[in-house]
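Trainee: Chain by chain, the residues:
There are 2 protein chains.
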Amino acid sequence: MLKADIDAFYADQASLDPQKYLVLKYYFESLVDPREAAAHLCQEMSTAQWSRVGVEEDYRPEFGAKVVELKVLDELAQPSSPFLASLIGKPYDKVYAVNATICYPYGNFGTKIPNLLTAVCGEGVFHAPDICAIRLLDIDFPDSYLADFQGPQFGVQGLRDMLGVYDRPLFFGVIKPNVGLPPEPFAEIGYQAWLGGLDIAKDDEQLGDVSWSTVRERTQRLGVLRKQAEAKTGEKKIYLTNITDEVDRLLELHDIAVANGANAVMVNGMTTGFSVVRMLRKHAKVPIVSHFDFMAAYIQLPWFGVKDQVFTKIQRMVGYDALIYPGFDTRMKASEEDVLANADACLKPMGSLKPMLPVPAGSQWAGSLKPLYDTLGTVDFGIVPGRAVFGHPQGPRGGAASLRQGWEAVSRGMTLEEYAKDHEELRLAIEMHSH
Amino acid sequence: MLKADIDAFYADQASLDPQKYLVLKYYFESLVDPREAAAHLCQEMSTAQWSRVGVEEDYRPEFGAKVVELKVLDELAQPSSPFLASLIGKPYDKVYAVNATICYPYGNFGTKIPNLLTAVCGEGVFHAPDICAIRLLDIDFPDSYLADFQGPQFGVQGLRDMLGVYDRPLFFGVIKPNVGLPPEPFAEIGYQAWLGGLDIAKDDEQLGDVSWSTVRERTQRLGVLRKQAEAKTGEKKIYLTNITDEVDRLLELHDIAVANGANAVMVNGMTTGFSVVRMLRKHAKVPIVSHFDFMAAYIQLPWFGVKDQVFTKIQRMVGYDALIYPGFDTRMKASEEDVLANADACLKPMGSLKPMLPVPAGSQWAGSLKPLYDTLGTVDFGIVPGRAVFGHPQGPRGGAASLRQGWEAVSRGMTLEEYAKDHEELRLAIEMHSH
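The listed protein sequences derive, respectively, from chains S and E. In short: position in the first sequence from 1, add 3, done, that's the working numbering. In short: position in the second sequence from 1, add 3, done, that's the working numbering.
Some hints could be false.
Facing chain E, according to a computed beta carbon distance under 8 Å, are these residues of chain S, among others [claimed, not checked]:
no., residue
1, Glu208
2, Val213
3, Asp248
4, Thr274
5, Arg334
6, Leu356
Okay, the calculated beta carbon distance ranges per label pair [as the list claims (entries may be wrong)]:
no., chain 1, residue 1, chain 2, residue 2, range
7, S, Asp258, E, Asp377, 49 to 59 Å
8, S, Lys74, E, Val58, 56 to 66 Å
9, E, Ala262, S, Gly57, 32 to 42 Å
10, S, Asp151, E, Glu339, 21 to 31 Å
11, E, Phe86, S, Met417, 33 to 43 Å
12, S, Gly92, E, Asp143, 31 to 41 Å
Bear in mind the hints are in silico, worked out from the structure with no lab data behind them. By construction, the Cβ of each residue, glycine as well, lies at the ideal position given by its N, Cα and C atoms.
Extracted from the complex, chain S is given alone in its bound form:
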């Protein structure tokens, strides 16, 4: 690129109207001078060609993405992916590891999720010249942008109001066997878990509307049993049914589920489309919960893809009320910092959008409560065990009770072991977990 063309993709942030720009933060690795690489990135992700042949014009001032801050973090001997660097086919001595802040004029595409994704993580970004690794770390959305999004209909407060629970985390449980179990016994074990103290019995992300267990029959059975469990325990309960399906069946499944007494719906956002959830939000009568399926390839590597908090913000914008995401667990491959960053993206002020309940997931049990509470520093979160409830030696009723007892221990400042002395369900949970 010519020097003047590079300069045209740089700006002083103070000179830009903050209500017209998204602020994007990227990490990237470049085989060439970072200043040129960042300009080239801006070119590819916005005004690839900024004038017609033979016409004096320049679309960059209004439509170009602009680097406002560039920081070389390191000069690496090897890129994070020598393979990707090799595909660029250019010799290199060293690789620059860079953080770039880019202001993007969102008028290029508007307040539309698919077009936003194309702009900030589409071809232009992942195929920018001489960049051999790139990760979108964060997006700051101005209030003018957020104003077009409904956000959560219920949010944390709405979920708490539905359950009448204000002073502790919310206990979700994934009904297991997750796949194969017919609706009648499936509903029965959900009911048992409610009796034991579970707040929200939910379908596994793999269980949808299938011939051997339709959403209609599951929600009929669990809708009836939910009311029985509420009468018996004096507590409010939620059945969260997974309506993930082809988009043209989603609203119909929502309506069936709600009419039958399911009082929350889950949609796997990334597999169905965030835009689809935005559509569902306009129609929904109950809270919508997200599961993180199909997000791993974006979020797992620290030098590549998209940091999860970006997706978390987008999911809050489109209207999810609760977000199930990878939590602490060796199987989940998420760092403590990620778990916290996502919780912040759920809970911290964001325009006028309500907070969304963070539910960090992964092979949880009663013992997962204290580390999460310590890290997040709030009771505004959920946990979502599966086998710890439905594989508990006493069955789901005992499994659910062990969660409540686990929290009682935390809230009294006791160790699980101490509290388990008088609480058999917790004692068995500890024993089960240690195997």
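On the provided structure of chain S, position chain E as indicated by the hints.
Mentor: Chain E alone, transformed into the frame defined by chain S:
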């Protein structure tokens, strides 16, 4: 896992009804014995818990994913991502690099794209225990599964019939300046490119329905000029407009575009949702074209994510008629093998689905034709240059002519340089490319 539980996730493929299973091929890296790792993977991706507590039952025979072939490729001293391995928090001396073939009973979720994605690349797969890298390499769909999908409405033959072009690749051109140019001059340069010989003038993937260039106005202007270009050249032309937008506006934008004379629509599949495209296909009156935005994090690394041909097959199933995907170009970061595998997935027999036109993309020009033709071994492909047409020194008319001349050279067995002696547009294109 107990040995009996590991064994329960293995089967002889010959014993399974091929019409009830998808055949999945994975590459993975494991810190533990591959046989156990593959069984654990199957457990996580299907029947995580296969019986209720205290009930004699086993959902694995009918609902479990089953390893039918396991091949240790190598024992690595280091995993492809030491970072991901470290998150597992388990010491290791070596890492097993493995190919596994897994038969998945699709009755678990049915012929639904979002649920398919959850099963084959959801939490279970990317969060399987002790696996520190995984890539879905391929899916073989039985005819019983494919029978539920419409596939391309037009396909390669339909696109050729629309254009009356049967003996050469199809020439797409991305109208540039891609962002910022108002509809009137935008339409004018598209028109010029048609006059020069372009088949399909298209919107950039970044250009949607925006206040400064609505789909309504663009399609009105280009609809009129398309007919003029057809009258003037005696050739049929296509205007491919990008209707990527929030899902609840997609059918309306299709209808506006078609009524105005746009005769193909583009939808960025991954940003909008493949299921949304399946919905659009049921409604569409014109060919639907895919762009590969937002796919990079899945497809770029050879040891992680999803190989592009998987997405290519899915996109053919949901009904795309043409697929724009990363082609040969250092910016595109795709290997020759990938480009060919995707073309095969577009063109080779797949149930009764029509072939879909492969359009390998990336900073193309007249000189891109011969290497692509040589690699693909067929004229059934498209190229999709932008700046080579719209930044040509003579403008879009000359740029489009240079493509046609480039193909004339190939079809006569001449070098570009030879043929350029009598063809000024091609000569200038060569000169432009060498700078």
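Trainee: Checked against the structure, which of the hints given earlier come out wrong?
Mentor: 6, 10
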